[in-house]
Amino acid sequence: MTALSAITGRDDARISPWLLAWVTVLAATVALFFLKDQMPWAFKYPRSMIIPLRGVLNDSMKWLMDSADLGLFTFKELTRFLSWVIEQPYNLVKSLLSVGFLEGQGSYAVEVFPRMSWVAIIIAVILLGRYAKDWKLGALAGICFLYLALFDQWDSAMVTLSSIVIAVPFGVAGGLLLGIAGYRYRWFNQALVPVLDLMQTVPVFAYLVPILIMFGFSPVSAMIATIIYAMPPMVRVTMLALEQVPEEVVEAGRMAGCSENQMLWKVQIPSVMHTLMIGVNQVVMLSLNMVIIASMIGAGGLGFDVLSALKRLQIGQGIEAGLAITLLAIAMDRVSQALARRPPPVHGETVGKWYQRHPYILMALGAVAVTWFLGMFTPAMDAVPDALKITTGSFWGDVVKWININYFDQLDAVKNFLLLNLMIPFKRFLLTLPWVGVVAMVALAGYQLGGWRLSLLTGLLTVFLAVVGLWPKAMVTVYLCGISVMLVCLIGIPIGVASARNERLHRIVGVVIDTLQTLPSFVYLMPVVMLFRVGDFAAMLAVVAYAIVPAIRYTDHGIRNVPPHLVEAATQAGCTRRQLLWKVQMPIALPEIMLGINQTIMMALAMLVITALVGTRELGQEVYMALARAETGRGLVAGVSVAFIAIIADRLIGAWARQRKQELGLD
Amino acid sequence: MDQAVKLSCRHVWKVFGDNAENLFSEGATPSQQELAAGGYIGAVRDASLDVHEGEIFIIMGLSGSGKSTLVRCLTRLIDPTAGEILFDAQDLMKVSVAELIDMRRHKMGMVFQHFALLPHRTVIGNVAFPLEVQGVDRKTREDRASQVIDLVGLNGRESYYPRELSGGQQQRVGIARSLAVEPDVWFLDEPFSALDPLIRREMQDEFLRLQSVLHKTIVFITHDFDEAVRLADRIAIMKDGEIIQIGTPEELVLAPATDYVREFTRGIPRAKVLSAHAMMSPNCQGSYPETTIATARIETLITRAADMEKGAAFAVTDETGAIIGELGREVVINLLSDTPEEE
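Chains as they are written, first to last, in the numbering used here: chain W, 68 to 734; chain E, 13 to 355.
Derived from the structure by calculation, the hints contain no laboratory data. Note that the Cβ used here is the ideal one computed from N, Cα and C, for glycine as well. It cannot be assumed that every hint is accurate.
[Said to hold, decoys possible] Derived pair list, reagent style EDC-like, types lysine to aspartate or glutamate, alpha-carbon separation capped at 20 Å: (1) W:LYS333 - E:ASP114; (2) W:LYS333 - E:ASP149; (3) W:LYS420 - E:GLU154; (4) E:LYS251 - E:ASP238; (5) W:LYS333 - E:ASP238; (6) W:LYS333 - E:GLU144; (7) E:LYS119 - W:GLU154; (8) W:LYS420 - E:ASP238; (9) E:LYS106 - E:GLU144; (10) W:LYS111 - W:ASP126; (11) W:LYS378 - W:GLU318; (12) E:LYS119 - E:GLU194.
[What the hints assert, rightly or not] Computed beta-carbon distance windows for the label pairs: (13) E:ASP149 - W:LEU429: 49 to 59 Å; (14) E:ASP149 - W:ASN256: 31 to 41 Å; (15) W:TRP519 - E:ARG274: 26 to 36 Å; (16) E:ASP238 - W:LEU429: 50 to 60 Å; (17) W:TRP151 - E:SER37: 54 to 64 Å; (18) E:ASP238 - W:GLU310: 46 to 56 Å; (19) W:TRP332 - E:ASP149: 15 to 25 Å; (20) E:ASP100 - W:TRP519: 49 to 59 Å; (21) E:PHE28 - W:GLN155: 21 to 31 Å; (22) E:THR152 - W:PHE444: 50 to 60 Å; (23) E:HIS23 - W:GLU310: 30 to 40 Å; (24) E:PHE28 - W:MET116: 21 to 31 Å.
[Stated by the list, open to error] Output of the computed footprint for chain E on chain W, the stretches with three or more beta carbons under 8 Å from beta carbons of chain E: (25) 324-335; (26) 405-414.
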């Protein structure tokens with residue numbers, strides 16, 4: 068097929084067999100409505116047929132914890148050992164940053180050595196920024212940490228920082244080792260990739276429950292959850308990076324007579340260090356993303372502050388703590404990115420005594436020593452003096468109060484209009500669909516886009532939703548996700564198009580979406596709940612705000628990447644800018660845009676689980692309830708269901724985009 | 013060639029495709045048609061060659077001719093599908109992994125087309141790398157590395173990183189690295205192809221200078237026939253995975269095995285290739301104003317020939333100095349004016 072006929076989609080006048088198949092399936096689905104009385108099972112999956120998967124999972128979890136014996140030790144001993152391994156460095160770092168070194172227990176504890184002074188930490192952070200890039204970055208990082216100090220977030224922030232400081236190395240090391248194994252052993256790679264796919268689509272809440280049961284309600288559990296959540300990108304980056312080592316460099320290593328280990332640690336890993344650092348940055352960001360969620364199983368710190376403020380609707384405290392997480396995230400993101408992008412060393416840098424080579428470490432150590440010494444005479448070094456502290460808590464409360472008093476009717480009218488005319492009808496429509504029909508349609512779509520393998524996969528995953536008895540909840544998830552994604556398209560794609568066609572706008576949009584991506588997902592909940600109170604509408608807005616970034620980014624990227632000779636040819640043919648957009652750029656960029664929408668769907672599903680906190684009634688709620696009641700099976704089944712919805716969408720859209728790109732000759 | 017054979021390969025095949033080794037069960041050898049029908053790609057087909065001690069052996073062919081695959085078979089960077097490879101009469105196909113690593117550590121050195129330097133190491137770190145891998149202590153290996161860096165003319169640049177050097181300098185590092193372990197056989201895979209023509213020329217001179225000092229056994233890959241003629245003792249010409257002809261530059265020019273070889277040699281000025289021995293007449297009575305050794309290329313005789321009287325001739329001697337023939341002045345002059353046919 069030529070590119071032109073692929074764009075117009077006109078092959079010949081014959082009715083395509085696909086159209087026929089779709090008409091048949093749709094007609095059969097409609098026919099089911101007339102047979103509703105005869106075949107109620109097609110609409111409501113019979114209770115007696117539900118597979119008690121959650122019970123099985125609950126029982127096996129119980130068995131694992133109570134009686135599983137792994138030969139030399141029991142499972143329980145294994146989990147205790149793991150928590151011990153993580154706990155030791157954590158306690159050390161926490162003493163250093165947060166609580167000081169104590170002797171004795173509980174309230175009888177006596178401080179034998181104070182924690183690092185907040186002044187010293189801010190200086191160290193500034194120096195780190197300077198080391199990574201320049202004084203400007205140092206200033207940015209310093210200001211972020213100064214905020215923590217002045218807005219009375221210091222103690223919580225240091226607890227959070229301690230757990231990040233421990234979780235990140237574990238996540239990086241674990242990801243690196245798994246990635247290496249995946250690179251070396253083909254079979255391991257084949258087993259690993261689907262697991263990674265699942266890990267990145269299962270909502271975190273789902274595995275919080277088993278972790279909670281295995282490791283108890285503690286910071287260690289929270290760190291383990293964080294590590295599991297943050298590791299997958301590191302694994303992927305490692306595998307990708309190792310494959311990028313130029314063949315000749317590997318050959319050079321082999322000709323030098325490297326053993327397998329020498330090859331790995333002396334040749335391959337060092338020569339892709341830059342790419343690996345991008346993975347480290349990802350681990351840092353995902354760990355920070357987990358801060359609030361992790362506080363549900365005992366992390367404490369800033370996450371706990373946000374969560375409790377959210378529960379009590381204390382707007383001011385919530386925003387200040389949320390902002391603290393955001394600033395912490397921004398500081399760590401920028402610094403770790405700068406470290407990843409640090410220019411390679413120049414000759415002569417690595418000579419000299421170590422104190423000549425590492426002036427910043429020396430300066431930071433100096434700052435620590437001086438502040439410790441000063442701390443003996445003044446308490447201002449240990450805790451931020453009250454006189455310096457600022458709070459804006461009441462201000463935010465007042466703003467929201469003011470908006471609610473003056474604009475309540477308008478906001479309410481918008482909300483009600485959308486709810487009554489769009490959201491509720493759509494939800495009803497999805498809920499009345501017979502599950503049998505939906506399965507048939509999903510399977511047909513799979514067959515059309517990717518052959519029988521994809522058809523089987525998507526069909527079976529859809530059946531799973533019905534079989535475990537979560538069909539209605541899954542449909543509500545699809546409804547909320549679908550409506551949010553539609554809204555994202557309506558807002559995001561035009562922004563993306565505009566920014567692709569205007570350099571200045573492109574730069575502004577770039578900064579805004581970079582910032583949006585750094586914000587932890589919970590931050591979006593706070594303002595929407597304050598303005599629209601709990602419910603589907605607030606949830607939808609939060610999802611839209613969280614998931615809009617990829618839609619904009621991919622649209623912009625897709626349109627910019629339209630081959631310039633096509634644009635020139637169209638311009639030469641006399642296209643107006645509008646015609647150029649609709650007749651050339653959009654059709655060619657569409658596969659790329661769809662991949663962006665795909666990302667949006669993934670993020671929307673992840674966010675939906677979090678919006679369960681504001682009272683939506685879908686799979687996310689199910690997962691959240693399971694967490695509250697520590698029911699492993701319930702949480703895992705619902706979590707896996709969310710993942711399956713994500714996988715269905717991902718595979719279908721991915722297959723479509725591939726097919727389309729091939730037709731357009733873009734691959 | 014009177015030197016001992018250092019490295020040789022016998023009926024080496026490299027066939028890409030699933031279960032390619034089945035094609036060779038019970039000593040069978042597949043024909044080109046069989047390979048094509050089965051969807052196989054015969055990157056190297058039935059290659060046999062001997063590399064003698066101390067010679068520069070050049071494998072020359074256009075891209076896709078299988079020369080890089082063949083040299084990787086010789087070092088076992090790629091495992092051949094069939095055939096044997098003899099290194100010091102030891103079959104490389106039969107050595108264990110540990111023995112192979114040991115041979116690479118001590119007996120082989122290789123230079124790569126795109127330099128293949130480790131970006132995170134300085135010049136000295138790169139050059140000392142093969143020694144480090146062997147477990148040589150820091151002082152010894154850095155002393156040795158400094159020596160080799162001096163040898164390739166990079167002293168003063170020890171602490172530079174590869175990206176701070178020009179292409180030519182980077183390849184000098186690559187050469188130094190491959191020489192650090194004092195290998196017996198030196199493999200160079202298109203070492204100068206990625207360089208600018210001027211630098212390439214300079215590096216070829218440098219290479220000849222090094223060889224005049226080191227006397228290594230060399231396997232050199234190139235796609236440039238000029239380069240091959242300039243550097244080679246002997247050349248193997250490859251096409252579509254097969255070795256078409258092996259011979260000295262002179263032999264290739266005087267007796268090309270196929271039209272393909274003739275096509276290659278056509279652009280080469282004869283005076284650069286032919287030796288006094290090839291052009292002399294066995295007649296050796298008379299008096300000669302000049303003498304030349306039999307192996308000298310005609311090109312080197314030109315200035316002297318120009319100063320001779322019409323009708324005079326060179327005496328051509330063997331290594332012992334005995335006169336074995338004469339070479340007329342006109343023969344030299346004519347060969348010089350014999351401009352190569354235009355391609």
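To see whether the hints hold, each was checked on the structure:
Distance restraint check for LYS333 (chain W) and ASP114 (chain E): the Cα-Cα separation of roughly 18 Å lies within the 20 Å cut-off, and the hinted pair is therefore satisfied. Taking the CA atoms of LYS333 (chain W) and ASP149 (chain E), the gap is near 16 Å; set against the 20 Å cutoff, the hint holds. About 19 Å separates the Cα atoms of LYS420 (chain W) and GLU154 (chain E), which keeps this hinted pair within 20 Å; it holds. Proximity of LYS251 (chain E) to ASP238 (chain E) is assessed by CA-CA distance (about 17 Å); at most 20 Å being required, the pair is judged to hold.
Using a Cα cut-off of 20 Å, the hinted pair LYS333 (chain W) and ASP238 (chain E) is violated, with the two alpha carbons roughly 38 Å apart. Pair hint LYS333 (chain W) plus GLU144 (chain E) holds up; C-alpha atoms about 10 Å apart against a cutoff of 20 Å. For the hint linking LYS119 (chain E) to GLU154 (chain W), the alpha-carbon distance of about 51 Å lies beyond 20 Å, and the restraint is violated. Using a Cα cut-off of 20 Å, the hinted pair LYS420 (chain W) and ASP238 (chain E) is violated, with the two alpha carbons roughly 51 Å apart.
For the hint pairing LYS106 (chain E) with GLU144 (chain E), the CA-to-CA distance comes to about 27 Å; that exceeds 20 Å, so the pair is violated. At most 20 Å may separate the alpha-carbon atoms for a hinted pair to count; LYS111 (chain W) and ASP126 (chain W) exceed this at roughly 27 Å. A C-alpha spacing of about 59 Å is found between LYS378 (chain W) and GLU318 (chain W), which places the hinted pair above 20 Å, so the restraint is violated. Distance hint between LYS119 (chain E) and GLU194 (chain E) is fulfilled; the C-alpha atoms sit about 7 Å from each other, no more than 20 Å.
The beta-carbon spacing between ASP149 (chain E) and LEU429 (chain W), approximately 30 Å, falls outside the hinted interval of 49 to 59 Å. Range check, ASP149 (chain E) to ASN256 (chain W): Cβ separation about 38 Å, and the 31 to 41 Å hint holds. About 57 Å separates the C-beta atoms of TRP519 (chain W) and ARG274 (chain E), a value inconsistent with the hinted range of 26 to 36 Å. Between ASP238 (chain E) and LEU429 (chain W) the C-beta distance comes to about 57 Å, which sits within the given range of 50 to 60 Å.
In this structure the supplied range 54 to 64 Å holds for TRP151 (chain W) paired with SER37 (chain E), their Cβ-Cβ distance being about 58 Å. Taking 46 to 56 Å as the suggested C-beta distance range, the pair ASP238 (chain E) and GLU310 (chain W) does not conform, at roughly 37 Å. The hint said 15 to 25 Å for the Cβ distance between TRP332 (chain W) and ASP149 (chain E), and at roughly 19 Å that hint holds. One distance hint, 49 to 59 Å for the beta-carbon pair ASP100 (chain E) and TRP519 (chain W), holds here, with the actual separation near 58 Å.
Distance hint for PHE28 (chain E) and GLN155 (chain W): a CB-CB separation of about 52 Å, inconsistent with the stated range 21 to 31 Å. Between THR152 (chain E) and PHE444 (chain W), the C-beta spacing of about 55 Å keeps the proposed range 50 to 60 Å intact. Evaluation of the 30 to 40 Å hint for HIS23 (chain E) and GLU310 (chain W) yields a pass: the beta carbon distance comes to about 34 Å. Checking the proposed 21 to 31 Å range against PHE28 (chain E) and MET116 (chain W) shows it is violated: the Cβ atoms sit about 53 Å from each other.
Counting residues of the stretch 324-335 of chain W whose CB falls under 8 Å from any CB of chain E gives 6; the rule of at least 3 is met. Counting residues of the stretch 405-414 of chain W whose C-beta lies closer than 8 Å to any C-beta of chain E gives 4; at least three are required, and the coverage claim holds.
Checked against the numbered hints above, the structure breaks hints 5, 7, 8, 9, 10, 11, 13, 15, 18, 21, 24 and satisfies the rest.
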